[in-house]
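Number of protein chains: 2
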Amino acid sequence: MLNERHIASLRHLARSGKSVLGPEDDLAGYETGARHDKGRAAFVLRPETSEELSGFVAYCVTNGISLIPQSGNTGVVSGSTPDRSKLQGVLSLDRMNTVFDLNLRNRSLRVGAGMRLSEVNARLEEHGLFFPVDLSADPMIGGMIATNTGGGRFLRYGDVRANTLGLKAVLADDNGSILDLNKGLRKNNTGVDWKQVFIGTVGTFGIVTEAVLNLEPLPRQSATALVVPGSDDAVFQVLASLERKLGPQLSAFESMSGNAMRHAFDHAPSLRNPFANGDIPDLAILVEATRTWEPREGEISIDDLLEACLAEIWEEPGEPLADALVGRPEEIWALRHSISEGVKNAGHLFAFDLAFERGILMDFLAYMHNHLPDTFPDLEICDFGHIGDGGVHFNLSHPGGPPADLEAYEKRLRDWVIDICVNEFDGSFSAEHGIGRKNQAYYDQYTPDAIKKLSRALKQVTSPGPLGSVHFD
Amino acid sequence: MLNERHIASLRHLARSGKSVLGPEDDLAGYETGARHDKGRAAFVLRPETSEELSGFVAYCVTNGISLIPQSGNTGVVSGSTPDRSKLQGVLSLDRMNTVFDLNLRNRSLRVGAGMRLSEVNARLEEHGLFFPVDLSADPMIGGMIATNTGGGRFLRYGDVRANTLGLKAVLADDNGSILDLNKGLRKNNTGVDWKQVFIGTVGTFGIVTEAVLNLEPLPRQSATALVVPGSDDAVFQVLASLERKLGPQLSAFESMSGNAMRHAFDHAPSLRNPFANGDIPDLAILVEATRTWEPREGEISIDDLLEACLAEIWEEPGEPLADALVGRPEEIWALRHSISEGVKNAGHLFAFDLAFERGILMDFLAYMHNHLPDTFPDLEICDFGHIGDGGVHFNLSHPGGPPADLEAYEKRLRDWVIDICVNEFDGSFSAEHGIGRKNQAYYDQYTPDAIKKLSRALKQVTSPGPLGSVHFD
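Respectively, the protein sequence lines represent chains D and C.
When we follow the working numbering, the leftmost residue of the first sequence carries the number 771, and every step to the right adds one.
When we follow the working numbering, the leftmost residue of the second sequence carries the number 771, and every step to the right adds one.
Keep in mind the hints are simulated off the structure, nothing from the lab.
Be a bit skeptical, because a hint or two may be false.
Pair by pair, the computed Cβ-Cβ distance ranges are [as the list claims (entries may be wrong)]:
| no. | chain 1 | residue 1 | chain 2 | residue 2 | range |
| --- | --- | --- | --- | --- | --- |
| 1 | C | Gly834 | D | Lys788 | 51 to 61 Å |
| 2 | D | Leu783 | C | His1107 | 57 to 67 Å |
| 3 | D | Glu895 | C | Asp1003 | 57 to 67 Å |
| 4 | D | Arg854 | C | Lys1223 | 49 to 59 Å |
| 5 | D | Ala1211 | C | Asn945 | 20 to 30 Å |
| 6 | D | Ser888 | C | Trp1084 | 34 to 44 Å |
| 7 | D | Leu783 | C | Asp1052 | 47 to 57 Å |
| 8 | D | Asp1049 | C | His1107 | 57 to 67 Å |
| 9 | D | Glu895 | C | Asp1052 | 29 to 39 Å |
| 10 | C | Asn833 | D | Asp1196 | 55 to 65 Å |
| 11 | C | Tyr1137 | D | Ser855 | 55 to 65 Å |
| 12 | C | Ala907 | D | Pro1143 | 31 to 41 Å |
| 13 | D | Pro1099 | C | Asp1003 | 50 to 60 Å |
| 14 | C | Glu895 | D | His1141 | 47 to 57 Å |
Some chain D residues judged to face chain C by a derived CB distance under 8 Å, without partners named [unchecked claim]:
| no. | residue |
| --- | --- |
| 15 | Arg893 |
| 16 | Leu894 |
| 17 | Ala932 |
| 18 | Arg956 |
| 19 | Trp964 |
| 20 | Gly970 |
| 21 | Thr971 |
| 22 | Glu1089 |
| 23 | Ala1125 |
| 24 | Glu1127 |
| 25 | Arg1207 |
| 26 | Ala1211 |
| 27 | Leu1228 |
These figures come from a predicted structure and were not determined experimentally.
Glycine included, C-beta positions come from ideal geometry on N, C-alpha and C.
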């Protein structure tokens, strides 16, 4: 199916010598994902424009060659890397990073799918604007769209879907059709909103090459607190009170389990332990309040406001708060952002990215604390996440390294956790990481047949060619 | 195709005597739309549950009977009424108004598609919550989803799409398949987000029977001002400054043309004319600032804040403001809400619902003021709308009643305006009213062939049966 002749033909189609990497080049960076996965690519395509990309796709579709779209390759579900067959080509967006067309009146940005989030925001800073989907990783815009990332300020700004005005997408059909969808319009109801099909579907229905993003004013004041709820039930009392008292000034409400924080402190000794006597509670919540508007004479400062709100909640019936520290934002966010690495270094990590109706999240965690020890006694629950929107990085650590018979153990664990998530608590097995080879089996198992049938048909309608690491069938 | 036997069979399938209205019943209310359109229905189905509705749909699909979904019937593009053939049945959602399942922790509401917006918000008020899509009309939830309405606070809260967490939809396939999509999850990326296909597509791809809506805290403080910009160019200077100074406290930025205001005053004499000497300017902007949070001791009041912001903008270079009146909200909103009726009564109305990238809207209006008089000298431009999101109700009035040869005149006018909107200014010919028989021709003309082909195929995939007033092909 795939031979030297095809690579020669692709080189012939290329508009530059940089656009095609073959077996003689170093492909390792394109074959290896952020976690766990190592594949083998037959070749790597690095087009610079939608038109060049379209030509590559048309050729590969016509010749039955499977392509895996890849942007920043920071995903964690093996969605952007080839399998081990050496029969798939990687279609990298890493050279599609030149378009940067800022529209201040529309508060929008047309940007190439290969630009990194950090670069987008660095270039926007002088205009007092940013793309408000906040992540610990530094993905490219295309991958953010492919997974519909949410992140730490979802509560305030929503996900990528909510902040995407328009898309350019290339279909895996015989022509490599280019669709230019919705430009920068904020209101447009003249038929199917086709851009939605390409958001969160990991490049299987088409390859996003450009996006028009909604931009938001940069925060100008922010305050952060570390809050220890008096009980699991109090978590939603605190959240509801803060929503009532802060309105859209509440920009994050992030949970950190005691185990997660402990591993963060162990891993990053420069972190200050802010708790009294260093006693790490079972659960702490990072609360962030921000204002995007210019500070105004006589206005209560955001720190004082957050402190006053927490003081009032302290007095509410039911003892909702056990502790509350209004602190230096850098310190508290550093703790939050050190968790991922800390947990990863504490043992062998089994990471789950789950979501629930937000009222149900604490019930799920309580259930797990009750039942996990019976079934998987060696594991430690090191969860952290986004209580304000029902998302949780339900991370489990096996101290001292991987368990014996890792593969079977992991399958048994994943099957057990995800079954409880989906069947007992009506949750999602992928909150914001999307689908890849790693969780394909759960798509197959938990997606209703009617939806699988529709999605299979939609794939035929949009991109019938072999595109993407996921099978929507 | 359609005879008495079919109506008898539908009655047999019905779960109540109220569920099927036949030729012997009064169907007028279901045959007549909010504007211009009067059709004839073969029958009206009024199911009470998704299951009853599913049975009706399956029967009609199997027997080739065309159904027109209808909810509040307040739409203005003939999307919810039957044609004059008397061969179509109306599928009314007006009895699907019993589900009201409030989830305070999730800040969401599961609601029947047949409940009116006014009832939803009345029942939410005691909880300090509302569904934040603000409209002058009082549609049912199903129709709001079918048209993806935006309304006057889009700038702050987004459209229906942005506030819909989940949907239940019935497909027009042989089984009347019921899809339950996403429940109340805020984060879920496990495949295609199928609910998006049913939002803004006027019931052609499936009938929405229930929705899970995002709710927002009710505003607790609000201030309103009437602002006269110093020039067209100043409009965006004022908007940008207010966004910078108010952040998410800015909740509306609504334009009203001089002609539109004049007709509102003429039509509703109880309205107070707030302008100096009663001189109505060519353009005024309603600015609204709101806070959803509890008022706090020492905090600047929202009125004082809005006044201070406008005073600062007054001093900005370029004389952005010619006048600014911070006033009683009821009065200013009454003016805004009287425009529709006022313009309708001033002559024969030709209404357009257009959208642009928001920076381009003023250019379009300037173009029209320059060129409309040459081509349609009798018409008066009475626009008003949503500058903050690029939408404009571009209403044209023919004084004294309809022009001679109305039909040809209207076609010529619509073709001319929409061609300029779409081809010269990259705009949308339906910002927030969706598609119906009235603007079907513009869908056919301005939708790229590739998109028409995809949408036609998607229709076959989802609801191959004869459903809806629009043809996506």
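Here's how the hints hold up against the structure:
no. : hint                                : result
1   : C:Gly834 <-> D:Lys788: 51 to 61 Å   : holds, 57 Å
2   : D:Leu783 <-> C:His1107: 57 to 67 Å  : holds, 58 Å
3   : D:Glu895 <-> C:Asp1003: 57 to 67 Å  : violated, 26 Å
4   : D:Arg854 <-> C:Lys1223: 49 to 59 Å  : violated, 37 Å
5   : D:Ala1211 <-> C:Asn945: 20 to 30 Å  : holds, 28 Å
6   : D:Ser888 <-> C:Trp1084: 34 to 44 Å  : holds, 39 Å
7   : D:Leu783 <-> C:Asp1052: 47 to 57 Å  : holds, 56 Å
8   : D:Asp1049 <-> C:His1107: 57 to 67 Å : holds, 58 Å
9   : D:Glu895 <-> C:Asp1052: 29 to 39 Å  : holds, 38 Å
10  : C:Asn833 <-> D:Asp1196: 55 to 65 Å  : violated, 37 Å
11  : C:Tyr1137 <-> D:Ser855: 55 to 65 Å  : holds, 57 Å
12  : C:Ala907 <-> D:Pro1143: 31 to 41 Å  : violated, 56 Å
13  : D:Pro1099 <-> C:Asp1003: 50 to 60 Å : violated, 39 Å
14  : C:Glu895 <-> D:His1141: 47 to 57 Å  : violated, 41 Å
15  : Arg893                              : violated, 19 Å
16  : Leu894                              : violated, 15 Å
17  : Ala932                              : holds, 6 Å
18  : Arg956                              : holds, 4 Å
19  : Trp964                              : holds, 6 Å
20  : Gly970                              : holds, 4 Å
21  : Thr971                              : holds, 6 Å
22  : Glu1089                             : violated, 19 Å
23  : Ala1125                             : holds, 4 Å
24  : Glu1127                             : holds, 5 Å
25  : Arg1207                             : violated, 14 Å
26  : Ala1211                             : violated, 12 Å
27  : Leu1228                             : holds, 6 Å
Violation of the numbered hints given earlier is confined to hints 3, 4, 10, 12, 13, 14, 15, 16, 22, 25 and 26; the remaining hints are satisfied by the structure.
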